[in-house]
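Letter by letter, the chains look like this.
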Amino acid sequence: MSNFEQFHSDFYQSSYTIDNQEGYNSYGSNENLCGSRKNPTGERPQAGAFVTSEMLLSSQSYTGQILQPICSPDTLSHLSYTNGFDEEPPLLEELGINFDHIWQKTLTVLNPMKPADGSIMNETDLTGPMVFCLALGATLLLAGKVHFGYVYGMSAIGCLAMHALLNLMSVTGVSHGCVASVLGYCLLPMVILSGSAVVFSLQGILGTLLALFIVGWCSLSASKIFTSALAMEGQQLLIAYPCALLYGLFALLTVF
Amino acid sequence: PVSSLAVAYGTSLASQGRDIVDRNIDRLVPVGRLKYYFAVDTVYVGRKLGLLVFPFMHQDWQVRYQQDAPVAPRFDVNAPDLYIPVMAFITYVLVAGLALGTQNRFSPDSLGLQASSALAWLIVEVLAILLSLYLVTVNTDLTTIDLIAFSGYKYVGMIVGLVSGLLFGKTGYYVVLGWCCISIFVFMIKTLRLKILSEAAAEGVLVRGAKNQLRMYLTMAIAAVQPLFMYWLTYHLIR
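So the protein sequences, as listed, match chains S and B.
Following our numbering, the numbering of the first sequence begins with 76 at its first residue and continues without gaps.
Following our numbering, the numbering of the second sequence begins with 94 at its first residue and continues without gaps.
Hints listed in this document are in silico derivations from the structure and should not be mistaken for laboratory results.
Each hint should be verified, as a subset may be incorrect.
[Unchecked claim] Subject to a maximum C-alpha distance of 25 Å in a straight line, what follows is the list of computed SDA-like cross-link-like pairs (lysine to any residue):
#	chain 1	residue 1	chain 2	residue 2
1	B	Lys304	B	Ala165
2	B	Lys128	S	Leu287
3	B	Lys128	S	Leu295
4	B	Lys128	S	Val249
5	B	Lys128	S	Gly252
6	B	Lys288	B	Tyr102
7	S	Lys189	S	Trp178
Just chain B, same shape as in the assembly (with noise of 0.2 Å):
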């Protein structure tokens, strides 16, 4: 009888345990919209990836809505999601081990300092395009979720640039880290033209107005800082 009731208070003790970690999980991540962002299926992922690759052929680029609430990324080849950088920047990480294993410059450590110094580049990108965007008091309905999951689009070509170098050597990993950069620059361009600049300009319409030429500048600033990523954080993997 002693030890039922000890079991009794173990597994109550358990579950108040898990419910406390439930409640404050809720205050630290969003849940809720993060599901939104993982609510994608193999054919969109299929689609996006040849977008990242080939963005020149796509002519439609706008997100659609439904009800004044985004799609889920399953029906719209436009809206972003997290699966992909998320995966991508996994994929890197180990990309990075195997290319430091050929090199024999492989260590457990070496591993973890690579991830860290990505996550910190990434984190440092997005907090300077939210910055950058709160001093040109840019009206966009762009969430933080959703910067870290364009910045996260650039791994995509980081990895396919990685694994053609290990293939075929530097002139490899040159020729398509370049194709890999300036798909992601007009990839950034075309997404974010629709979200920063307004509604007139981005309908090709030439809009005068020294707002309207800012909010270009920081496209494009946004845009070329991609490659200037890709190619930094690469170039020392291949030797």
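Pulled out of the complex, with its shape left as it was, chain S reads as follows (with noise of 0.2 Å):
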């Protein structure tokens, strides 16, 4: 289908305008390829338009933290999305996976001495941490350790444990899809452990304080992440301790 791909693009920058609501009517009526080329708003919204309302789409505490006006309309006319193969969005977009944010969450923890700005855990992702877990649990597997339950397992109870935890020292609360997308973001050093162990034994000296360090490293990161996001001042060191428990207990999978 030639006419697929200009559809596809046409269809990227079309639809992802602001007040639409009239836009969507007419999509849902009319069935002609050519006629879906029409533009109702007749403006050509930027790339960063279709991040920001893909985003809207995906979470509904989101508030619109990034610069663009919504409109309630939107989250409803989605729902008339389906009508046809045709008027699917792309696959990416309907999962509510996004790339960029997803690679500005992994800088932010690969670097723990930066301070990090509050707002990056609005938008609760599970996308990024889910293909962390991925990874740990494939190098584990190349190290000769099956051990894809234990991984589940433990992230599982310490998601929880941290939320009971998080919810009764600070202020204002959280919700468990923060702190899974939060801790999931932070055993990316872990991954980085683990993928050693493949090429080096970790049981002596070194091992032990590689680990250590990892340890530190994840924990100070997740603190970090949640100290600037629930605007908890003076309490970093104290929500790194049980992060620091959590990953050593994942570190300890790793070791031994």
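Bring the two chains, given one by one in their own frames, into a single complex with the hints.
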């Protein structure tokens, strides 16, 4: 379908303009491929608009942090999307996966000394953490240990416990998704540790030191993100300690 | 359209479920009061840990009040908190697992056994203290959560003893545990004195009377039970 590519790119740009209720209704009624090229609002939003609107669709708690005015009919109108195969949004948008945000959060985790801003955790995104958990399981598998169940179990219990503790310690509460997302992102250095376990054995002094360093790195970045997102002053070390206990359990799984 | 209906119904069910959980959790666990005990910061935790292992130099043990309610632990090092006991309990279970692991006696079941036995002893101790406070008819403002907090402070000493036992062997364990037992004894006496004894006696004036003597014995009994538990819960981990 030679038309398909053109329609596809056109669909990207034309559907994500703001106050678009009338535009969606006309889409729903219009089966014609050629007719869909008509752009109701006549403007071409930048690629950034696609990113923000797609974030809108993926989380109800999102309140338009990224400088684009939202309109509530947007969330309703996406339900009329699936009227036909031609009008479905691209897969990544529908799943709410946004590679740019994932990369930003990964960079924040990798540099625990740089102060983070509190708004990055406003959209709870679980795809990055899922990727890191799978990567951890895969590197463990490479080292000969089939521990997928332990990884998932410990992360679930750890998320529940951290959620309870953070709700008690902070003035504003947190949701389960936010806690799971932060803890999952900060699992990335642990993947590096288990990757190095494939190359050389971690049972000696060097392995212990490396494991301690990685645990410290993970818990420092997790506590940094939590304290900046929840505005808790003077409690970073207090949050880092339970995170260190949790990541210490993961390190035990990796080393032994 | 049917799928959109299903999605809407599903999300409404999920939010209803969450509402029910939120409403009922308030009945089981007083979240508002618990938040007071977790309002700590790093400076407070550092000072409190120092007090737990070296309480001899501290002069003023009175909890500061602010318009009839005790000040949050952030602002007063004498106020009880729940962060240290909870973290100490979890760390104790992990260190016990580590100790068992170095002696090749480790299995995930034994970890669960340690955790549940420590929790059971904690509950028994708190219930015993509550019962004795009721029998002696003391007019005190110690709540159950306060008692849990005070009983949880001994886990700090236990952890220090266990770690030194792992690093330095049996002599290190006995020396450090002995020191921690003495310090937790002094800590408990000085803290509970102000809460259980009458005001005059707390200031050091000798007040005669059976009631006050009974309260004094009660305070000393509570404080003496702590080192016993500390030894009981750790000696089998150091061989």
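For each hint, the structure was consulted:
no.	hint	verdict
1	B:Lys304 / B:Ala165	32 Å, violated
2	B:Lys128 / S:Leu287	31 Å, violated
3	B:Lys128 / S:Leu295	24 Å, holds
4	B:Lys128 / S:Val249	14 Å, holds
5	B:Lys128 / S:Gly252	21 Å, holds
6	B:Lys288 / B:Tyr102	54 Å, violated
7	S:Lys189 / S:Trp178	16 Å, holds
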